[in-house]
Structures are given as C-alpha cells and as structure tokens.
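A.B. asks: Residues per chain, in single letters:
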Amino acid sequence: MADIILTGISVATGIAIGKAYFVNRNHQAHLPRHTIAASLVPGEVDRLHEAFATVEAELASIRKQVPDELKSHGLLIDTHRTMLKDPKLSGAAEEYVRTLGLNAAWALEKAVSDQEAAFGAIKDPYIRERMQDVRVVADKVQVKLIGLDNDLSAISSRAIIMAHDLTPADTVELQVDKIMGFATVRGGKTSHTGIMARSLGIPALVGVDKLEDHIHDGDLVIIDGLAGKIVVNPTETELEDYNERAANFEIYTRKIKRHCQLPAETFDGSRVQVLANIELVEEVATVIDNGGEGIGLYRTEYAYLNRIELPTEEELADKYIDLAAIMSPRKVVFRSLDLGADKFIASYGELNETNPAMGLRAIRFCLKNPQLFKTQLRAILRASAYGNVSLMFPMISGVKEVRQAKAWLAQAKAELRREGVQYDPDMPVGIMIELPAAVMIAEYLAQEVDFFSIGTNDLIQYSIGVDRTNHHVSYLYQPLHPATLRSIKLVVDAAHQAGIEVSLCGEVASDPFCVPILLGMGIDSISMTPQAIPGIKRIIRQTNMHDCRKLLKDVLGCRTVSRINNLVMDNIFKHFPEEVDFFSSLLENDESPT
Amino acid sequence: MTEENGTMDLESEGCLSRQVVVANEHGLHARPAGKVAQQAQCFKSSISLVHQDQEVDAKSILDILTLAAGPGNIVEIRATGSDAEAAVESLERLFASRFEEG
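Line by line, the protein sequences give chains C and V. Mapping of the first sequence onto the working numbering: position 14 corresponds to residue 14, and the numbering continues sequentially without gaps. Mapping of the second sequence onto the working numbering: position 16 corresponds to residue 16, and the numbering continues sequentially without gaps.
With the rest of the complex left out, here is chain C (with noise of 0.2 Å):
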C-alpha cells in the first residue's frame, strides 16, 4: 500500500506522476523562536532588511510581467509593495530585535500581531481583512529569513506543486512549463487554480485536508484528477498501474479528440448541442479545440472578485463584446452576477448571514442593488449586438422574480435605445433551475422565458439539503438520485410542453453515467467543462435514442441510488467498456460512510 491516498475535489482532470515541490507552505508551525546575542543584534537587523528588500525587489520583477488584463492582480501585488516598504512593519520588528534580542523571523511575528491587534479593532470588514495582506507579505518575507525559501521562478526539473494555497501573483511566477500538477489545501470549485491548471491541461485538486502534514518535498506522488485522489509514495504495483492508467488515458484522451469537431448525432440521428461551461474570454481557444459548440454558461462573477471597486460597464462590455464576437455565430449565454453578499464586502458592508446559501445572492442580491445589476444587463445587451447572445438568471425561485429581473432588463433596453446604443432586441432570456421551488412550478416558468438552464450541482444540493463540502454528509450528494432524476425529467418535460428549449449545465453533464440518461429525457442542450467535451460527444455518437430511453424507462422505475447506479454501470459496461476504466471512480461515493 501508497503511505496514505488524500482525497480533494478534482477542479481539472488527468492523471500526473512525479515528485512534490512545496511552495507557499505554512510555516508558521516551525518558526523558529530564540533570542540572539547583544553583539550579534546588527547583523540580525541587517538581515531582517535585506529580506524586506529582497521580497519587494522579487514583486517589482514579478509586476513587471503582469499582463495589462489582470490589472486587479497587480493593483494587489502595489498593495503588497507598499506593505513591504512600509517602516511600521519593518521598523516595528527591528524594534523587537534591538530592544527584546530576538532572531528576525520572531521579532517580525510580533510586529504582525501588534498589527492583527490595530487592526481587529476596526468595525470597517474591508480593512479588517487587509490583515490577510500583511500576514501574505510578513509569511513572503519569514520564508526569506528562515531559508525555507522556495523560489517558485527556481523548479528545476518537473514537478507536482503543493501548495497551502496559490495566489494569483504566484501564479504568474510559476514557470508552467515545469509544472505536472496542482494540489493545494485551500480554495474551491472555481478557485484560480483551477483555471490556471484547465489552461495548461494538467490535473489539479484542491481542498485537500491535511496535505502539509502527509506529504513532503521530493516524495512520489500520483494526483489523480480523474478520482480527486493523491496517492502518496506508492508501491511499485501502485505505481505501474497508474503508468499504465495514465497512457491510457493520454491514448484515450487522444483518440477522442480526433473525432471532437464531428456533431454531438446519436446512431439514429438525433442531434444534442454540446456546450462549454467557462469563465475567462481567455478559456475561448481550449472550448473551439475540443469541439464546443457554444457557450452554455459564461459565469460572469470573475470580473468582481479580488477587488474593491465594483467593474465598470465599460470593462465589461470590453469582455462581453470580445467573448460574443470571437465565438459568433456560436452562441453564449451569459448568466448574471452569481454572487453572494459576502463577496461585495467592500461595497455593500457585512450582512452577517448565518447560512449564505440561502441568503441574499444571485439574482436575489442584484434585484436588490438595481444598479450593479443594471450596469452589467446594458453591457451583456451591448454585446448582444455583435454575436449569438443569450441571457439567464440565476437562483429563480418564483414567477414574480422573472418578471423583476425582465423588468430591469426592460430598462437597460429602453436606455440603451434612448442613448442611441445597439444591442439584439431579441435576445433569448431564460432562467437557471437550481431551486426544488422552481423544478415544481417549472409549467409556470416556462410560460415567462426562452428557454431553461439546469443548475444539476445546487439542485442536487438544495433538494437533498447537503453541502458536499461538508465531509460528514458529502456522501449524501448523489447526482443519481431518483429525486434528481425525477426533477430533472420533470423540467424538461415542462420546457418542450411550452415550446422552450431545455440545457443542463453541472457535473451530471460531463458524467458518461449520466447523459445517456438525459438524451433518453430528450434534453437539447448539456454545458460542461470544455476539457470533458470530446469524451461527451463519443458518448454521444456511439449511442442510439431507443437505448436511452429504454435506460431512462429503467432508472426511474428505481427506488435506490445503487440501483440506478447498477443500471449505468451495465449500459456503459455494455456499450462504452473504455469509458468504465477512467470513470467508474465517479460512481464511488454511492453508499454512506463506514
């Protein structure tokens, strides 16, 4: 057996086998803590700025090569700098040297708590969290002192990145020629290591418990992006098999490829459009590789995170006519601001939510703040005019919603028709379902829109009441469920009752287990991760529709999640026995934990 297999939530696929290379780790636990001796004391001031200077001179080279699109980023990395230079940090821990006697790395740490104090005591949650930037540039400058220093730009042969976590300066740093794979401790679905890791085509997970304490620089590991596992130190046999595993793959992935610009047609004619789910304009060339179609969602929050002031609609209009262009006559949907509150700390002040799952985001946060919403539906309208563009809201729970949201949309138009600006009159709206509210008034919804998107990953969320990041009920989280399933079919049915047209965006739709299941609903359109698009699509064209309905007829007759789990295991077993080898770890966490 491997020392220990860690798990984390895979943010992009593949299977890398090399050695871990810690960046960024937490050092804290191994500060070291002495005092020096009076003779010694100059010498340690000394080094305590050098290392100042040397962190601010490695950020200046690093600003340097920051691309004028993530400005944000180095308006960050200018904070930083001016934090490095600033003499109540510096100056504070010489302080601590001179008149305490203790080594720089300690002193420094005492300077940073007089500060987390300073600053714990202001009611502004903006410049509360600034603390989290002096504690970056204090841990930059303790790694510096303390010699731990992994120089990101310095990995000289390839490997794996660990990381406690990944910021974006870090990112630019990283020479990504060098790199095999991401796992980090902290950071989610849509983190920035995601993206950057689906850019590169490489594995990545994130959110792995623990990973610090089980894994080493120079150890073996194999990030398993496929399962979300890190096999750490395995045995020969471990290892020969995902040798193996991982040509396969790369054969697999390959082969697929090839045929993923031939239309997503079933055996008997049936046509699906295959779509990309994305969120930089940048992630446009990797969708047009692997054969997408269009785009199903364009997640739209990126563009307001990691700053203070909120984009202009000129920035984003910026974007959105680039993304409506490059891909037309391909068509894109555009989901408005998917936010929560607690994002817009800084513009909105704290609402001290106790469960912000449920409270004021998406579309329930923009009708709320007309204007952030308005500004972002004129410049979606204004792209609008220069491609194939669609547009839906998200977190709908009830008839009187769309109407709001079509109302301000209404009012961008009028506007922008007033002010002389050109847009698509007639661009198709429609709604996300992602509320078990609005899967049983989907008949009536229908009635309101153009056309329905599925939310899969919060309808399963919200209708089973589990937070599948929550280890002690993730289990729970089972896209076959026979409640999904039924919500799933009921939405679709009630689309093509009203004449609309029905898409899926979520996990379910890169899941070969699962769109067998959804073509036999009849489903018109499925979005995903661009990279799972060509596998899809072979699905797809290797299937026929009377097998899928037939599967569709027989899943839903089932009471139990392993029932239905047997049921695809036999149709994919049957008709697409390589899919089984790469993707049987997605069935895994069928049963309750032991």
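Mixed in with the good hints there might be a few duds.
[Stated by the list, open to error] Below, a sample of chain C positions facing chain V; criterion: calculated Cβ distance under 8 Å:
(1) Thr79
(2) Gly120
(3) Lys123
(4) Leu239
(5) Val421
[Unchecked claim] Computed list of chain V residues with no C-beta within reach of chain C, every gap over 12 Å:
(6) Gly34
(7) Lys44
(8) Ile74
(9) Asp83
(10) Glu85
Hint data in this document are derived by calculation from the structure and do not stem from the laboratory. All residues carry an ideal CB built from backbone N, CA and C; glycine is no exception.
Starting from the known structure of chain C, fit chain V onto it as the hints suggest.
C.D. replies: Leaving out everything else, chain V in the frame of chain C:
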C-alpha cells in the same frame, strides 16, 4: 496629551495642517492608502493624518488603513519639516483627485 498640548504642537514652528475630505467611493482603502503612503514617503518632513482624534504616520500604509476613514470623512494632514508646505499641498491634491481613481 491634553487639548492644550495638541494646540501647542500645531502652532510650533514649521507645522502646517490642512483639512481634506475623503471623496472617493470607498474611503481610505488599500489602494488610496498605498498612494498616500507612497507620496508621503517622497518628503523629508514628518507627516501625519488625523481622523477622529487618531493621529497616524502618513508614510505608513498600515497606519493609514487603521484610520478606517470612510467616504465623506474629513481628515487633517499635518506636516512638520523643511518641505512641509510642498508635502501638504501634494497630499491635498491627491485627496482632491480622489486618489486618481478612474
């Protein structure tokens, strides 16, 4: 420090002071605070910012952040030294330009 002492300080030789308004949308947050600190560091004079009885070093971004001066708040710039006048004027301009934010 008593009220009297404070006034004495202000009246001592070379100390200039001026009141400015924090006119940008989000107050003295990281970026404006950074700009103030950077600009203050260009002068030899000792410069401070005063807000609600709290006086801090204008050359320190951390100090300025702890003022937590919000939009619309009035802040006093104080400078003592050979280039105090230039310092006060340059910082006043920075506040007036709303920290050069787009």
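A.B. asks: Against chain C, does isoleucine 74/V keep a CB gap of more than 12 Å to every residue?
C.D. replies: 17 Å, holds
A.B. asks: Is the Cβ of glycine 34/V farther than 12 Å from every Cβ of chain C?
C.D. replies: The assertion about glycine 34/V is violated, with a minimum of 4 Å to chain C.
A.B. asks: Grab the minimum C-beta distance from valine 421/C to chain V and call the hint holds if it beats 8 Å, violated otherwise.
C.D. replies: 21 Å, violated
A.B. asks: Looking at lysine 44/V again, its CB stays over 12 Å from all of chain C?
C.D. replies: Holds, since 14 Å exceeds 12 Å.
A.B. asks: Would you check whether the claim that aspartate 83/V is not at the interface survives, using Cβ distances to chain C and the 12 Å cut-off?
C.D. replies: The claim holds: aspartate 83/V sits with its nearest Cβ about 18 Å from chain C, beyond 12 Å.
A.B. asks: Going by Cβ atoms, does glutamate 85/V stay more than 12 Å from chain C at every point?
C.D. replies: Check passes; 23 Å lies beyond 12 Å.
A.B. asks: Once the shortest beta carbon distance from glycine 120/C to chain V is found, is it less than 8 Å?
C.D. replies: Since chain V brings no Cβ nearer than about 10 Å to glycine 120/C, farther than 8 Å, the hint is violated.
A.B. asks: Interface hint check: lysine 123/C, Cβ to nearest Cβ on chain V, cutoff 8 Å. Holds or violated?
C.D. replies: Nearest chain V Cβ about 7 Å off; hint holds.
A.B. asks: Using Cβ atoms only, decide whether leucine 239/C comes closer than 8 Å to chain V, and label the hint accordingly.
C.D. replies: Status violated, d = 47 Å.
A.B. asks: Given threonine 79/C was flagged as interface, is its beta-carbon under 8 Å from a beta-carbon of chain V?
C.D. replies: Cβ of threonine 79/C sits 5 Å from chain V, so the hint holds.
Going down the numbered hints, you'll see the structure goes against 2, 4, 5, 6, while the others check out.
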